[in-house]
Structure formats: structure tokens, C-alpha cells
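Trainee: Note that the sequence shown covers residues 1 to 133 in UniProt numbering.
Read the hints as simulated data drawn from the structure, not as lab findings.
Using N, Cα and C, we set each Cβ at its ideal position, and we do this for glycine too.
It cannot be assumed that every hint is accurate.
Said to hold, decoys possible - For lysine-lysine, the following DSBU-like pairs were computed, each having C-alpha atoms within a straight-line distance of at most 35 Å:
{"#": "1", "residue 1": "K63", "residue 2": "K121"}
{"#": "2", "residue 1": "K120", "residue 2": "K44"}
{"#": "3", "residue 1": "K120", "residue 2": "K93"}
{"#": "4", "residue 1": "K77", "residue 2": "K121"}
{"#": "5", "residue 1": "K63", "residue 2": "K120"}
{"#": "6", "residue 1": "K120", "residue 2": "K86"}
{"#": "7", "residue 1": "K93", "residue 2": "K44"}
{"#": "8", "residue 1": "K44", "residue 2": "K121"}
{"#": "9", "residue 1": "K121", "residue 2": "K93"}
{"#": "10", "residue 1": "K83", "residue 2": "K121"}
{"#": "11", "residue 1": "K121", "residue 2": "K34"}
{"#": "12", "residue 1": "K93", "residue 2": "K83"}
{"#": "13", "residue 1": "K63", "residue 2": "K93"}
{"#": "14", "residue 1": "K121", "residue 2": "K86"}
{"#": "15", "residue 1": "K34", "residue 2": "K120"}
{"#": "16", "residue 1": "K86", "residue 2": "K34"}
{"#": "17", "residue 1": "K34", "residue 2": "K63"}
{"#": "18", "residue 1": "K117", "residue 2": "K86"}
To be verified - Simulated restraints on C-beta separations:
{"#": "19", "residue 1": "G97", "residue 2": "Q33", "range": "33 to 39 Å"}
{"#": "20", "residue 1": "Q33", "residue 2": "D64", "range": "32 to 38 Å"}
{"#": "21", "residue 1": "A113", "residue 2": "D64", "range": "18 to 24 Å"}
{"#": "22", "residue 1": "K86", "residue 2": "D57", "range": "28 to 34 Å"}
{"#": "23", "residue 1": "E62", "residue 2": "S31", "range": "39 to 45 Å"}
{"#": "24", "residue 1": "A113", "residue 2": "D40", "range": "27 to 33 Å"}
{"#": "25", "residue 1": "A66", "residue 2": "L119", "range": "27 to 33 Å"}
{"#": "26", "residue 1": "L43", "residue 2": "D64", "range": "15 to 21 Å"}
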Amino acid sequence: MRGKWRSVTRAAVALALVVPAALSMAACENSPQKALDRGDTCLKILDVALFDPRPKDAAVAEKDVADRADRLEELAKQTDDAKLRKAARDTAKELRGTTLKERTPGSVTEYLAGQNKRLKKLRGTCTSVGDYL
1 MRGKWRSVTR
11 AAVALALVVP
21 AALSMAACEN
31 SPQKALDRGD
41 TCLKILDVAL
51 FDPRPKDAAV
61 AEKDVADRAD
71 RLEELAKQTD
81 DAKLRKAARD
91 TAKELRGTTL
101 KERTPGSVTE
111 YLAGQNKRLK
121 KLRGTCTSVG
131 DYL
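Produce the complete structure using the sequences and hints provided.
Mentor: Structure (C-alpha cells):
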């Protein structure tokens, strides 16, 4: 059941990114490849950045977070888009600042708020129509 919701969530995020990109491409003839590249990079960034850490082993969970931050840094290096590069690096920095050992059942709301903040910021960067014009 959990996997089904994860797939539904990813599909919804992808749709939220593709629709503005498609509208942007229709509005500007000269940048369809830029829009496609940006959308592809955004999906990769979101796939790495949005996750549900339910650690049974804190050391394994911390390694997972560090690996995700490293992957975000690699994605930042691979993109020519300055705004996406900054968004990926900022997200990597935030993930590195997350200390899972400090997480308690009472801090779940705080974690989810941080996750939603990251999603909102990344989505805003990824769907900025002005960047395509």
C-alpha cells in the first residue's frame, strides 16, 4: 500500500512540473529543450530530496541522508541552470543539517514542515515560467 501512495505522489509531483513546463514551451518557441532539461533535472532532484526516513538503524538512516545530499550535489554540478543548481545545493545543505538522532516521535510535525518547505521551494524553482521566456 505504501508503494502505491509513493507512486501516486511522484506522479502528482511530475504532473505539477510538466504542465507549467509545457505551457512555457507553448509560450516561447526558442526554449523547448531548456524546458525539457529543466523538468528532467527537477524530477531527479525531487526524487532524491523527498523521502520518508523511518530508520530502524540511525547509522543507516544518516548514511542514506548523506548519500542523498551527495547525489544532489552531483545533480547541481550537471545542470547549466543556475537556479536549479542553487536549489539542489541548498537542499543538499539542508539535508546535511538534518540530524536523525535528534528525531523523536514529537518532532515528526517539525520534520514534515521542513519537508513541505523544501518541496514548496523546489517546486517554485522548477515551475518558474519566467525562466523560460
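Trainee: Determine for every hint whether it applies to the structure shown.
Mentor: Outcome of the hint check:
Taking the CA atoms of K63 and K121, the gap is about 24 Å. The hint holds against a cut of 35 Å. At roughly 16 Å between alpha-carbon atoms, K120 and K44 fall within 35 Å of each other, so this suggested pair holds. Distance check on the hinted pair: K120 and K93 sit about 16 Å apart at the alpha-carbon level, within 35 Å; holds. As the CA atoms of K77 and K121 are separated by approximately 19 Å, the hinted pair is consistent with the 35 Å bound.
Proximity of K63 to K120 is assessed by CA-CA distance (about 25 Å); at most 35 Å being required, the pair is judged to hold. Of the supplied pair hints, the one linking K120 and K86 holds, its CA atoms being roughly 15 Å apart against a limit of 35 Å. Under the criterion of a C-alpha separation no larger than 35 Å, the hint pairing K93 with K44 is consistent with the structure, at around 17 Å. A hinted pair counts as satisfied when its Cα atoms are at most 35 Å apart, and K44 with K121 qualifies at roughly 15 Å.
A C-alpha spacing of about 14 Å is found between K121 and K93, which places the hinted pair at or below 35 Å, so the restraint holds. For the suggested pair K83 and K121, the alpha carbons sit about 11 Å apart, so the restraint of at most 35 Å is met. For the proposed pair K121 and K34, the alpha carbon gap of about 20 Å is at most 35 Å, so the pair holds. Annotation: proposed proximity of K93 to K83 holds, straight-line Cα distance about 15 Å (limit 35 Å).
Only pairs whose Cα atoms come within 35 Å are accepted, and K63 paired with K93 is accepted, the gap being roughly 15 Å. Distance check on the hinted pair: K121 and K86 sit about 11 Å apart at the alpha-carbon level, within 35 Å; holds. Annotation: proposed proximity of K34 to K120 holds, straight-line Cα distance about 22 Å (limit 35 Å). This hinted pair checks out: K86 and K34 have alpha carbons roughly 17 Å apart, not beyond 35 Å.
Taking the CA atoms of K34 and K63, the gap is about 33 Å. The hint holds against a cut of 35 Å. With a C-alpha separation of about 16 Å, the suggested pair K117 and K86 falls inside the 35 Å cut-off, and the hint holds. G97 and Q33 have their C-beta atoms about 35 Å apart, which keeps the hinted 33 to 39 Å range intact. At about 33 Å, the CB distance of Q33 to D64 agrees with the hint of 32 to 38 Å.
The hint said 18 to 24 Å for the Cβ distance between A113 and D64, and at roughly 21 Å that hint holds. The beta-carbon spacing between K86 and D57, approximately 33 Å, falls within the hinted interval of 28 to 34 Å. Checked against the hint of 39 to 45 Å, the pair E62 and S31 passes, with Cβ atoms roughly 40 Å apart. A hinted range of 27 to 33 Å holds for the C-beta pair A113 and D40, which are about 28 Å apart.
About 20 Å separates the C-beta atoms of A66 and L119, a value inconsistent with the hinted range of 27 to 33 Å. Under the hint 15 to 21 Å, the C-beta atoms of L43 and D64, about 20 Å apart, fit the expected range.
Violated hint: 25 only; the structure is consistent with all others.
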